[in-house]
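Peer 1: Chains as they are written, first to last, in my numbering: chain A, 1 to 194; chain B, 1 to 194.
Each hint should be verified, as a subset may be incorrect.
[Unchecked claim] Covered stretches of chain B (chain A as the covering partner; in silico rule of three or more C-beta atoms under 8 Å from a C-beta of chain A):
| id | region |
| --- | --- |
| 1 | 23–34 |
| 2 | 121–129 |
| 3 | 148–161 |
| 4 | 186–192 |
Because the hints were derived from the structure by calculation, they are not lab data.
By construction, the Cβ of each residue, glycine as well, lies at the ideal position given by its N, Cα and C atoms.
There are 2 protein chains.
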Amino acid sequence: MNIGRPIQFDPDVAVAKAIDVFWANGYDATSTASLMEAMSLSKSSLYQTFGSKHELFMRCLNDYSSQNHAYLRRELAEAKSAKGFLIDFFRNAISGNRKDNMRGCLLVNTACEFGISNKSTADFIKTEVSRMADLFQDVIEQAQADGEIAADKNAKHLADSLMVSLYGIRVLGKLNPDMTEMGSLMNQLILQLE
Amino acid sequence: MNIGRPIQFDPDVAVAKAIDVFWANGYDATSTASLMEAMSLSKSSLYQTFGSKHELFMRCLNDYSSQNHAYLRRELAEAKSAKGFLIDFFRNAISGNRKDNMRGCLLVNTACEFGISNKSTADFIKTEVSRMADLFQDVIEQAQADGEIAADKNAKHLADSLMVSLYGIRVLGKLNPDMTEMGSLMNQLILQLE
């Protein structure tokens, strides 16, 4: 630990450490002491740089979401087809829970912890949900233009349905280390994309 | 408040009060003092009757789930058709979030709070998820036998998909007081049931 060191540190690296702590424990159960230790920061550095525990948390939500979106945009750019991207995305969402040691999704966990009792987190997550549903809709429309998904399907309805399925997968994945029960789910999701 | 009263009380009524407190605040954020106050019980009565905070919580999960299942079985018995039951169920799941003041579902909230870090809650919720998916599957198979849902659909896959959608709805409902964004979701769910 480097508590008290007065000099430079990389805020992005520190935030990445904070994300891990909040993700593993939730907001309420995360102590300032555990943040200081994980981020290798003194209390004064932490508050000077990030304002408050809640402001740090909002920064974490923001970085977490930006990284996820950047990752998805890269995957989408490299995907062989729009429909293939969606199928791979959900396959990863199901098996990814395993890799992530059942931490689930930080946004889903936060939605469950706070609901609308905290306006800033609720507004943030709602915006992210819309952004993700919009991305799904864009990809579905591309797949329709490419003849991979039937053109008469309502892309927005299908995108909303995928979004809800994703959030449900994130909850159930927290309880299912092997996700074997999720195998059949994938079949049903693929059926919707025909 | 009746703290300290040494005489009879109805454990079911007391548990119903405890469910409200846990549901509103989550497990960790619920203090023994708030349970004592809501249940009108002294600390000794509470521990003598229910063992520990965690044992009381497990009793709450059990009563909550039993009541939900009893309600669903009644609704199913009274439904005009199997498919109609499923559609009404999801319509209620979407609009029900409004009535419940964004508390979401106690099982979903608990899955998000504990994940697999608490084996007894994880096992309980996994069993309830299977029980609910089995109920969906029974109803889908009945609807297929009645010619309401295409017989070539895989009832188990469809049931798992509905289960995941339900959990996703419960998360998103916590953030959406009016659920207007969910309107299109209903269309997509109904499409799956054709």
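Peer 1: I'd like to know which numbered hints this structure contradicts. Please list them from smallest to largest.
Peer 2: The structure breaks none of the hints.
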